[in-house]
Amino acid sequence: MNRDVLKTPYLNAFESLQGRGNGGNPSWVREAQREAIGRFAKLGFPTTREEAWKYTNVTPIAETSFRLPSLQPQIELSNDQISPFLFGQQNWHRLVFLNGSFVPRLSRAPSGNGVKVCSLKAVFRSESRLIEPYLGQLIGRDADAFAALNTAFLEDGALVYLPEGAMIENPIHLIFISHAEAAGIVSHPRVLIVGAGNSKATVVESYVSRGGGHSFTNAVTEIALGEDAALHYYRLQQKNGNSFHIGTTQVEQNKGSHFLSFSISFGAKISRHNLNVNLAAEGSECTLNGLYLTSGDQHIDNATFVHHPKPHGTSHQLYKGILTGQSTAVFSGRVLVRQDAQKTDAHQVNKNLLLSEQATVDTKPQLEILADDVKCTHGAAVGQLEEEALFYFETRGISREKARKLLAYGFANEVIGTVQLDPIRSALGRLVFERLGDFSCLPEALKHRDQEKDLSDGGL
Amino acid sequence: MDQAKALVNREYKWGFVTDVEADSAPRGLNEEIIRFISLKKKEPAFMLQWRLNAYRRWLQMTEPRWQHVHYPAIDYQDMIYYSAPKQKKDGPGSLDEIDKEILETYEKLGIPLDEQKRLAGVAVDAVFDSVSVATTFKEKLAEKGVIFCSFSEAVQNHTELVKKYLGSVVPYADNFYAALNSAVFSDGSFCYIPKGVRCPMELSTYFRINSADTGQFERTLIVADEGSYVSYLEGCTAPIRDKNQLHAAVVELVALEGAQIKYSTVQNWYAGDKEGKGGIYNFVTKRGKCAGHRSKISWTQVETGSAITWKYPSVILQGDDSIGEFYSVALTNNYQQADTGTKMIHIGKNTKSTVIAKGISAGHGDNTYRGLIKVMPAAMNARNYTQCDSLLLGSRCAANTLPYIEVKNRTAKVEHEASTSKISEDQLFYCKQRGISPENAVSMIINGFCKEVFKNLPMEFAVEASKLLSVSLEGAVG
Chain A
1 MNRDVLKTPY LNAFESLQGR GNGGNPSWVR EAQREAIGRF AKLGFPTTRE EAWKYTNVTP
61 IAETSFRLPS LQPQIELSND QISPFLFGQQ NWHRLVFLNG SFVPRLSRAP SGNGVKVCSL
121 KAVFRSESRL IEPYLGQLIG RDADAFAALN TAFLEDGALV YLPEGAMIEN PIHLIFISHA
181 EAAGIVSHPR VLIVGAGNSK ATVVESYVSR GGGHSFTNAV TEIALGEDAA LHYYRLQQKN
241 GNSFHIGTTQ VEQNKGSHFL SFSISFGAKI SRHNLNVNLA AEGSECTLNG LYLTSGDQHI
301 DNATFVHHPK PHGTSHQLYK GILTGQSTAV FSGRVLVRQD AQKTDAHQVN KNLLLSEQAT
361 VDTKPQLEIL ADDVKCTHGA AVGQLEEEAL FYFETRGISR EKARKLLAYG FANEVIGTVQ
421 LDPIRSALGR LVFERLGDFS CLPEALKHRD QEKDLSDGGL
Chain B
461 MDQAKALVNR EYKWGFVTDV EADSAPRGLN EEIIRFISLK KKEPAFMLQW RLNAYRRWLQ
521 MTEPRWQHVH YPAIDYQDMI YYSAPKQKKD GPGSLDEIDK EILETYEKLG IPLDEQKRLA
581 GVAVDAVFDS VSVATTFKEK LAEKGVIFCS FSEAVQNHTE LVKKYLGSVV PYADNFYAAL
641 NSAVFSDGSF CYIPKGVRCP MELSTYFRIN SADTGQFERT LIVADEGSYV SYLEGCTAPI
701 RDKNQLHAAV VELVALEGAQ IKYSTVQNWY AGDKEGKGGI YNFVTKRGKC AGHRSKISWT
761 QVETGSAITW KYPSVILQGD DSIGEFYSVA LTNNYQQADT GTKMIHIGKN TKSTVIAKGI
821 SAGHGDNTYR GLIKVMPAAM NARNYTQCDS LLLGSRCAAN TLPYIEVKNR TAKVEHEAST
881 SKISEDQLFY CKQRGISPEN AVSMIINGFC KEVFKNLPME FAVEASKLLS VSLEGAVG
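Sequence lines, in order, name chains A and B. The first sequence: position 176 = 176 (the numbering used here), numbered continuously. The second sequence: position 257 = 717 (the numbering used here), numbered continuously.
Where hints are given, some of them may not hold.
[What the hints assert, rightly or not] Under the rule of at most 20 Å between Cα atoms (straight-line distance), these lysine to aspartate or glutamate pairs were calculated in the EDC-like manner:
| no. | chain 1 | residue 1 | chain 2 | residue 2 |
| --- | --- | --- | --- | --- |
| 1 | B | 809 | A | 386 |
| 2 | B | 803 | A | 386 |
| 3 | B | 873 | A | 387 |
| 4 | B | 655 | A | 297 |
| 5 | B | 703 | B | 735 |
| 6 | A | 375 | B | 885 |
| 7 | A | 343 | B | 886 |
| 8 | B | 873 | A | 386 |
| 9 | B | 809 | A | 51 |
| 10 | B | 873 | A | 51 |
| 11 | A | 375 | B | 877 |
Quick caveat, the hints were computed from the structure, so don't treat them as lab data.
Let the sequences and hints guide you as you build the complete structure.
See the structure below:
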């Protein structure tokens with residue numbers, strides 16, 4: 001089949017878009033959009049012949065026809081309906097997006113002291129100059145086809161802007177809901193997080209579905225961190241099993257900044273997360289953790305790229321996956337250490353647990369090192385549960401089935417345990433157990449954990 | 461580490477040219493040339509047909525570009541595909557018939573072909589440009605039923621074996637350079653170890669490129685029949701020339717049930733000068749097939765030469781309980797580039813593979829490990845362990861590690877570890893305070909770094925490899 005044909009619906013949609021929503025976008029955004037659609041037209045959907053997409057075939061996405069959601073959401077969501085997505089935290093700041101459009105009624109955002117947590121549309125109207133140096137600039141001109149599509153169809157999204165020294169105590173939760181009542185919707189959520197010097201915040205991005213209809217979410221998040229800024233970034237992808245999810249998170253770090261990321265992928269039929277971090281100035285540091293659980297015929301791909309152009313940078317990566325059913329998982333992690341990046345400390349680990357006969361893992365850690373005074377390691381492992389460990393449980397009267405689940409949970413816990421937000425950590429624990437199947441000793445196990453945590457908190 | 465720079469800079473001492481009259485094919489490549497080569501070799505019809513098939517396939521193929529090496533486009537028409545020293549008689553006969561110059565060449569290279577002078581226990585097939593000039597200890601090997609001869613001889617005398625196994629591991633359409641090799645290969649070694657025989661001595665081939673503008677395309681085929689064992693060594697050198705020369709070889713190994721093949725290479729082709737001028741392009745396809753149960757193939761390579769090394773000695777683990785091993789030291793100095801590694805394809809049950817790869821980059825060297833571990837759905841209880849370590853000497857070099865792991869069976873256990881670092885000041889300081897000079901300390905540490913690989917080489921080779929490494933690195937350390 002001629003792959004050029006696959007681009008046509010998107011190119012046509014872009015044309016019709018000119019007549020509607022993005023008319024409100026500032027001219028510099030519209031300019032970037034025209035450029036982006038040109039880029040997409042040139043690139044087309046990636047094929048498995050391209051190294052970066054060797055193990056992920058996006059043809060099913062390209063061949064499904066999707067439509068853009070209407071500007072005024074027809075579906076109303078109530079507070080109750082979004083409560084399952086809130087981790088029980090009513091006091092977190094949040095911005096809720098439904099099929100890509102901002103829903104102010106369900107959102108509550110902090111403000112004051114120059115902090116801006118709002119929809120991009122609102123900023124476009126009032127002070128678009130504030131974000132001009134960042135939006136679309138971070139992802140740059142070498143965006144891949146999907147990121148280019150996102151820019152081309154940029155209508156709304158979330159902005160988190162922290163001025164110099166701003167610290168926000170409560171996490172900021174960005175919830176992107178694909179309401180699948182009207183199936184076949186494509187949305188292109190866009191997030192921009194700017195943390196100026198010495199700022200500090202926690203941002204949680206949730207990608208979820210309501211209902212079982214099929215949808216396609218093509219997300220892009222751009223993050224810029226100033227000197228000594230710190231950001232904790234959680235990204236949870238829990239779309240329904242009929243949806244497609246492609247996302248790119250692009251991070252640019254200044255001197256001494258810290259970036260901590262958790263990329264959690266549980267959902268969608270085909271899912272891919274690109275996480276690109278540029279440690280652009282001396283002494284910046286990032287920790288990238290990830291957890292993916294796949295079942296059925298799911299396909300989850302995580303691609304990380306850490307660029308060390310300057311000295312004294314540190315990067316740590318830990319990605320773990322548990323696979324069941326006929327699912328497939330992919331990890332490709334590239335670390336590039338440039339000639340000037342002496343004293344770089346870069347570590348990367350990817351481990352996969354296969355729990356079924358037909359599950360498949362493709363992992364491709366890559367180290368490219370052009371400096372000599374560096375410490376770089378990477379490791380990858382694929383395996384199943386140790387027979388000895390299972391036997392040990394059996395000798396203690398714990399059934400094989402239970403032992404398997406506990407061991408699998410223990411495997412995931414290496415990542416879950418590093419999550420610093422309590423509500424997310426316990427939610428993840430529960431989710432992992434749910435995915436491993438009905439399991440009666442779950443509540444005790446988790447309660448036990450929480451109690452332990454409570455005790456230690458009390459001690460503080 | 462500045463003191464280490466003071467190390468004397470020795471020249472590539474194998475870089476001389478032997479003055480012999482050569483019988484060459486005209487420059488360029490076309491079907492006529494292939495017929496010419498085939499005719500020279502007095503090959504049976506099937507061989508010519510095979511070559512032509514490969515050539516026609518090659519014409520449709522494009523040169524691969526995915527590798528992490530850079531070189532100007534190769535003009536395949538500006539090359540000589542066949543060059544042989546003129547001989548009184550066709551085919552290598554007794555030693556008396558070989559040109560004195562050639563004998564002296566090998567003598568100079570430290571490979572005396574005179575059996576009296578040889579280290580006992582190593583049989584050598586000496587390949588000079590496109591032809592095999594001598595094979596030693598042939599009679600002694602024949603007593604055990606071992607066939608060890610030049611490829612051309614095998615095509616004529618052991619046609620059935622060649623017909624059966626040629627291309628069975630590396631088909632002619634496998635890749636661009638394998639196809640080119642299949643079309644124009646001129647000679648190489650053939651080796652067959654019969655059932656249950658443990659080959660009484662190490663077999664070895666010494667490749668020498670002598671003529672200018674020739675490409676060397678040799679082909680090696682080793683078949684180890686049920687329950688047999690063979691250890692095979694390969695060495696190579698070339699004269700110093702400003703122009704790059706292409707070496708595109710194919711090596712096929714077949715291990716039947718219970719057989720073991722140990723294949724060791726010390727690759728020391730001319731690497732080019734300090735500015736990266738000249739040197740051999742070493743684009744080689746090496747692959748072994750563990751066809752039978754409980755068979756084992758082990759590759760050990762020490763890659764110190766060549767301007768560009770690009771090869772992935774691989775093992776197809778088809779038989780149940782078969783074992784594949786890959787031990788490698790790759791060194792890049794000055795402007796050398798290496799993109800090397802292995803592929804382990806697990807097909808049979810309980811198959812095991814071990815990969816130990818050590819990369820050393822110095823000067824402007826660019827060293828890449830690229831490997832594939834593939835576990836197919838039927839490969840129950842497959843096991844792989846991979847370790848890749850890179851050592852960086854100097855701030856202008858590069859080390860890349862690009863492993864691919866594809867697992868389609870849950871019982872598989874695959875582990876990959878890699879690290880990149882330089883020689884730490886602590887290590888050097890420790891040696892110095894024990895009175896070891898910085899030069900010796902560096903060479904000691906490097907030898908320690910490579911030890912796991914060297915210990916898998918036959919003894920004489922291990923000594924040679926260790927020496928080679930220190931020579932290649934001289935002047936680079938600092």
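Here is what the structure says about each hint:
1. 809(B) / 386(A): The given pair, whose Cα atoms are some 18 Å apart, holds under the 20 Å limit.
2. 803(B) / 386(A): With a Cα-Cα distance of about 26 Å, the restraint between residue 803(B) and residue 386(A) is violated, given a limit of 20 Å.
3. 873(B) / 387(A): Judged against 20 Å, a Cα distance of about 12 Å means the pair holds.
4. 655(B) / 297(A): 47 Å, violated
5. 703(B) / 735(B): Given that 20 Å is the threshold and the Cα spacing comes to 13 Å, the pair holds.
6. 375(A) / 885(B): 13 Å, holds
7. 343(A) / 886(B): 15 Å, holds
8. 873(B) / 386(A): Holds, at about 10 Å.
9. 809(B) / 51(A): Violated, at about 30 Å.
10. 873(B) / 51(A): 25 Å, violated
11. 375(A) / 877(B): 14 Å, holds
Hint check: violations occur at hints 2, 4, 9 and 10; the rest are consistent with the structure.
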